[in-house]
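Protein chains in written order, with our numbering: chain A, 46 to 384; chain B, 2 to 221.
Treat the hints as calculated values from the structure; they're not laboratory data. Glycine residues also receive a C-beta, built at the ideal position from the N, C-alpha and C atoms. Errors might be hidden in some of the hints.
The calculated label-pair distances, taken between Cβ atoms and stated as ranges, are [claimed, not checked]: (1) A:D217 - B:L198: 53 to 63 Å; (2) B:N134 - A:D113: 17 to 27 Å; (3) B:R221 - A:I63: 31 to 41 Å.
SDA-like, lysine to any residue: derived pairs with alpha carbons at most 25 Å apart [unchecked claim]: (4) B:K140 - A:S118; (5) B:K15 - B:G172; (6) A:K271 - A:E100; (7) B:K217 - A:F145; (8) B:K140 - A:T58; (9) A:K125 - B:Q136; (10) B:K54 - B:A69; (11) A:K50 - A:I96; (12) A:K116 - B:L143; (13) A:K50 - A:V265; (14) B:K140 - A:L175; (15) A:K128 - B:R121; (16) A:K124 - A:I231; (17) B:K15 - B:R121; (18) A:K230 - A:D158; (19) A:K124 - B:K54; (20) A:K164 - A:L186; (21) B:K220 - A:L99; (22) B:K140 - A:G188; (23) B:K54 - A:E100; (24) B:K54 - A:I231; (25) A:K171 - A:E77; (26) A:K124 - B:E125; (27) A:K124 - B:L143; (28) A:K116 - B:Y51; (29) A:K124 - B:V44; (30) A:K101 - B:E125; (31) A:K59 - B:L143; (32) A:K101 - B:K54; (33) A:K323 - A:R313; (34) A:K59 - B:V59; (35) A:K59 - B:Y51.
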Amino acid sequence: MIELKNIVKTFNTKNLNIHAVNDVSVTIEDGEIFGIVGYSGAGKSTLVRIINQLEKQTSGTLIINGEDISKLSNNQLRKKRQKIGMIFQHFNLLWSRTVFRNIELPLEIAGVDKETREKRVVELIKLVGLDGREDSYPSELSGGQKQRVGIARALANDPNILLCDEATSALDPETTESILDLLSKINDELGITIVLITHQMEVVQRICQRVAIMSDGYIVELGSVKDVFARPKHEVTKRFVQNIDSGKNIDRLQKDLKALYPNGEIMRLTFMGGNSDKPIIAGAIKKTGLLVSILDSNINHTKLGVMGFTYLHIPNGDESKTNEFISYLVENDVKVEVV
Amino acid sequence: MEFLSNIDFDQLLKALNETLYMSLVSLFFATIIGLLVGILLYVTQTGGLYENKIVNRVVDVIVNILRAVPFIILMILVMPFTKMLVGTILGASAALPSLIIAAVPFYARLCVIAFIEVDRGTIEASKSMGASNWQIIYKVLLPESLPALVSGICVTGISLISYTAMAGAIGSGGLGNLAYLYGWVRRNNAILYVSTLIILIIVLVIQGLGDYIVSKIDKR
Chain A
46 MIELKNIVKT FNTKNLNIHA VNDVSVTIED GEIFGIVGYS GAGKSTLVRI
96 INQLEKQTSG TLIINGEDIS KLSNNQLRKK RQKIGMIFQH FNLLWSRTVF
146 RNIELPLEIA GVDKETREKR VVELIKLVGL DGREDSYPSE LSGGQKQRVG
196 IARALANDPN ILLCDEATSA LDPETTESIL DLLSKINDEL GITIVLITHQ
246 MEVVQRICQR VAIMSDGYIV ELGSVKDVFA RPKHEVTKRF VQNIDSGKNI
296 DRLQKDLKAL YPNGEIMRLT FMGGNSDKPI IAGAIKKTGL LVSILDSNIN
346 HTKLGVMGFT YLHIPNGDES KTNEFISYLV ENDVKVEVV
Chain B
2 MEFLSNIDFD QLLKALNETL YMSLVSLFFA TIIGLLVGIL LYVTQTGGLY
52 ENKIVNRVVD VIVNILRAVP FIILMILVMP FTKMLVGTIL GASAALPSLI
102 IAAVPFYARL CVIAFIEVDR GTIEASKSMG ASNWQIIYKV LLPESLPALV
152 SGICVTGISL ISYTAMAGAI GSGGLGNLAY LYGWVRRNNA ILYVSTLIIL
202 IIVLVIQGLG DYIVSKIDKR
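Let's have the full structure, built from the sequences with the hints guiding it.
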């Protein structure tokens, strides 16, 4: 468990003091994938670096597995860091070392003997799917492969926490998916707590269970990904959630649809995960016999099931049937708003 | 052939030996000491592994001063020290202290440039793995800057060869001395040209060798 209590980080420059992290308190549970989202400059990079003390907080307490980290000596802190893996946006591999030797580095640092090191590296290479690339240099690898090396390296000393600093931001969408799948697999199989910072809401939606939204150094919203997506409260969160609605501006979309379909009802269905395999809309149509048309839709398949929205148009008609239609959807955990 | 008959080959060989001796020995020491001074400058700079403004400033000023003094004057200034250390101010060995003193700050500066080029991200990554500062230096900083360190050795070596030629002017021996004393003062053109040619070849060999090694170790 990672407990951050009233963490403040202030950078003092000549002319002004920058409050990168402002009174952040959050508890990250063992084995969860926790996302921290924010625009650049929101303080998320600093916050994640406080967890492994690459940055020291100005005030506040950091407790990892019951241990107050600020009370550790430098030596103890280094030992602790060996149990907290970290991966980076730009991978930060050593160009002078092969894949094998890059993954070996943290083991060398931890003072593991050569034989054990080699066995462990072979395991890790298999785990991240880089068989056959052991002797390549980073310059010979694609971005996705480099991040796999980064992940293998971060896992070398069997950490219980993995910090991901914009780990997929430099990758194309397809590679991002494969890296996220790998992180998911690691979380499932090894039970490692993952703290992931990103500005890509899709990433959070895909693999995180809980998310914190950061803005100006504050956590402005915190909760399960499901809740935060379904009911974004803070302005920044709304902007992020809107962005994944296929980049459309919800207000404009709704206005456009209303103009196109002046008669009848337009409804926005929000899917918040769960019953992903049930044909819910079809079920409602079958039950009520209403002939609806789908106007727009954006559905994402995530760890928590189907998430996203669909706009339906119900032609003028039977009000009781429309109500029946809506209540069927609500019973099936779909949020319905009449536009 | 008649032209070459003006050359005493034993003398030429002896001079070549002296030049190689002076440059290689001073390069060896300058590389080691310069590397240490370079590391000291790098780690004590602002944001460095052992940030220390005072040490950094003092070393920086000393390096700058030594770099600023022209070699021919430095040699003269170092003479008392040389006399104390070597017992004489003449001959190849007597040239070593001033050559090393001139080359150390030169190479140290090149080392700092090489270290600054190392991606700070890799240093941050090794910190996140729990590396000690010493581990960061020898497992990350040095290997990641190796090509620049090697080409720095070449540049320093080439500078040292021209310094040895200058040292020849105040009696250290070597090809520079030969070219000056026998080639120029005694108007023996054959010696002047041949010793110059040999110096040129040595420089080209060092440069070629350096480039080759760098291309072999640079995997970027």
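Inset, instruction - Report the numbers of all earlier hints that the structure fails to satisfy, in ascending order. - result: 6, 8, 12, 17, 18, 19, 21, 24, 31
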